[in-house]
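Heads up: the sequence lines are chains C and F, in that order. Every number in this note's numbering is 8 more than the matching position in the first sequence, counting from 1. Every number in this note's numbering is 14 more than the matching position in the second sequence, counting from 1.
Since the hints were derived computationally from the structure, they do not count as laboratory data. No residue lacks a Cβ here, since even glycine has one placed at the ideal position from N, Cα and C.
Straight-line alpha carbon distances no greater than 25 Å define the calculated PhoX-like cross-link-like pairs of lysine-lysine that follow:
| # | chain 1 | residue 1 | chain 2 | residue 2 |
| --- | --- | --- | --- | --- |
| 1 | F | K127 | C | K143 |
| 2 | F | K141 | F | K127 |
| 3 | F | K141 | C | K143 |
Quick list of the computed label-pair ranges, beta carbon to beta carbon:
| # | chain 1 | residue 1 | chain 2 | residue 2 | range |
| --- | --- | --- | --- | --- | --- |
| 4 | C | V239 | F | H72 | 45 to 51 Å |
| 5 | C | L116 | F | R140 | 42 to 48 Å |
| 6 | F | R209 | C | R242 | 55 to 61 Å |
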Amino acid sequence: MGFGIYISLRIFNIPDITTDGSYTLGAAVTASLLTQGIALPLVVLIVMGAGALAGACTGIIHTRFKIQPLLAGILVMTSLYSVNLNIMGRSNLPLLGVENAAGMFRFLPSIQTQWLLLLLVIIIFLVAFLSWFLKTDFGVSMRATGNSELMVRALGVNTQNMKVIGLAMANALTSVSGFLVCQFQQFSDINMGIGIVIFGLGSVMMGEAFISILKAPSILKRLLGVVLGCVVFRLIVAVALDLGINPNWLKAVTAVIVLLVVGIPNLKKSSI
Amino acid sequence: MKMLDIEQLTKYFNRGTPSEVVALDHVSLAMEEKEFLVIIGSNGSGKTTLLNLIAGNHFADAGSLSIQNIDVTSQPDYARSKWIARVFQDPLKGTAPDLSILENFRLASLRTKSKSLRTGINQLFRKRVQELVSVLNLGLENKLDTLVGKLSGGQRQALTLLMATMDQPKLLLLDEPTAALDPRSSAVVMELANRIITVQQLTAILVTHNLKQALDYGSRLIMMDSGQIKRDFQQIEKSTLQLADMQQWFYESAAV
Ligand SMILES: Nc1ncnc2c1ncn2[C@@H]1O[C@H](COP(=O)(O)OP(=O)(O)OP(=O)(O)O)[C@@H](O)[C@H]1O
Ligand SMILES: [Mg+2]
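Pulled out of the complex, with its shape left as it was, chain F reads as follows (with noise of 0.2 Å):
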């Protein structure tokens, strides 16, 4: 079964106006069940767009979109988080400042689930938490009732990944996730953000400007430039990529 089937999907910001553009220009793109896609291309190229529309937050203005076989095209952000797991560019978006650890993962936990009138914040609760935070070894274990505005971006980051995976999604997200990050935060979210992907076997996009990044990880390789979609290698090929190679491409790109 295809964890996600996109068709000829197509975007434009400010239509009709002097300052249109075309995010997406028709893509079409399929994935397979556990397939890890990265997701490289310039500034602008239509990357974040094609997240936002995967998740649902715009709507296509031409062609359909399916995860697991269900037309989703229609369906609103908040229907969608059924499947998918997002961690944001920005990362002070993927958490809530004025709430605790604790009540951000509680949040995060229920995805998929309603939100009813039970306190579901207990020992129990917290005791998985506690678990889950210690894999950063950031010492956040002890400081689950901190709130969360009160932490780094790197911090944030690295929390919004845990929030994001602790309940398998179907298909995870991941939108330059370490960009904000310092270089050794970067290594250990990204490590992280490997390991989860290959044990819980997940469905996942990771969106990066790193190509050293997007050489080692994944087991596909896309290259985006003006909302379209203009490489694709499979992990055979891309096993054979080198650095210099992607390099070239951004010069040829930025050339035409």
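This is chain C alone, in the form it adopts within the complex (with noise of 0.2 Å):
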């Protein structure tokens, strides 16, 4: 997910709340698929599919019906959740029984074992296919998009087609992610989405902050810098509940942690 929102944010300037519905419709489409026995790579697919989709209704809603982004994302969020609702047929899914992803890894001992195997493998992949994907010829036109939009257009790019196919990816990316947690916590919850954006902004600006520290860091550093960034943020929030704060502040402390994240040195530079 920190890599979707590092797509829309970073390469498009857009913090994208579409996040929030695409994650849970990733869990509820792999909830309600599995269930019904549908193989694992197949759900992937769809799950991939169906996230893609919210994102091109967020690109499309935000840029040939001139809405903001911020309230494109909003709209497409709420409708999800109805999407959602309908899909799971109820608010929550459970998932016991079902064969899980991390299976693939079933030579190893423990649960724990294999889901880390899975994570690195699916993170190994990601990174590979970003680094690539992000230095093609079409890849550097949709970072440039969300720069200098005005001239990458005088460039000859179509940038609301532009925007549109990353939002697609990006919630794409979302989805997937929503897929695995869904099999990993064996259920899925409407509600489970909500804030998660905070979460994906938190984790991808911690890891700009690492990364800043270097002087021209490569697209492939900036990812990992964002994979960092994913994991410290986690680690902070699990902190924080480790010290005794009542889970029910959770989202809350999520909030306050990112504040904290993005405001700090801006309170320094205009000290100066």
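These two chains come separately, so use the hints to put the complex back together.
Encoded structure:
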């Protein structure tokens, strides 16, 4: 999911709220298809397709109807709530006794190591894929779109289509993370996506903070920075909970941490 | 063949509201191939609007526009990039700050081509950009992986000019390319622009407030005022113009 947010935020300059919905969408689709006995590889594809569709909707609402990206995201996120509810048929769908993705690595002794290996494989794959993709001519134009729209249009890029494609990619990635989390926790819940966009934002910004120490970071290093950001952000939240903060305050705590990560450097700057 | 043919082009801003402006008022203008047109005119006279309409950033409210006899009146900017390359009035607009110099050039080299899933930045391309950039004598040829956002406005404007001309555009639009530059960089960029235009025999439009530039460069001069073309000099008449004449026009138009 970190990568999804990375694409939409850095590449398009839009914090994409659709994320909240497409994350749950990924989980909802996964839970309902798996309980119906559909094979995992097929499920992944459908999940990605569904996420991409959600992202494309946001993109189209934003570019064709000229609605601000934030509002476009909220519109899609809100309607996804109903979509998700209908996909699952109820607000919480358990996944007990169903084969999950980590089962691929059954030869490993414990469930934890199986998941660890799965995540590692996925992360390596995504980092490799994205660092290739973002360096292709198409990828470079996509990165430039959020950066200097007037220029890329003058260089012959249809930035509206580019935004739709980018948002579709970003939300496909997000829904895959819903797919994974749903299997990891063995249930899908209609509310699981609430505030997840903040989580992603925090991770990406944290990653950027690490990377900003480097002078001219390559794409690869930036992507690794996002991975690192995600892990560290998780850890910070875990530590906060460990320190005895009531789990009911979890979302507020995440929001505050994001505020700290984003805000403190600005405070310093303005005081000079 | 006419490179550019503009007929009765009209553009309003905020039409139908109290703040309505006629930014372009029935402008007609034809340009031959290889013509180097210089446009002067006071602030708000419609120079940038004219370029924006030619490039397709805005659509005209009336009138038509064709490039090489193809009617492009309703084509968007990214479609017109087949013919047109631009240097913007704002030096920050012509480059993408979070991309490296090399990546910016890569995009520019694809202005008329499709952006495919190829990794187009290879050693050969790097060499080519290195040679292009070394012409500037700014030492940038050894910093091709630097993010463009870390460069000064002048450096970025100079790069934009190189990017715009790297694949022989049919029509080059320069909107006050040197307005944000110090006198030295300004001279460097203007000399370079002139050299490229002459050597590559480009059709070009230069907007400038620098009357000396307007005298020294170009093969035709027009002056705009209140969204209209008020004066038009071909090469021969242009060469007889004096700085003082031109200054006089500005006071005349202000007095009206
Ligand atoms: N996007 C816009 N919205 C509303 N009015 C605009 C817009 N762009 C230009 N105008 C108006 O159109 C008129 C022409 O502006 P334009 O930018 O073409 O002038 P210019 O000749 O380029 O001036 P300058 O020398 O200052 O660059 C001005 O009155 C300006 O206020
Ligand atoms: Mg202007």
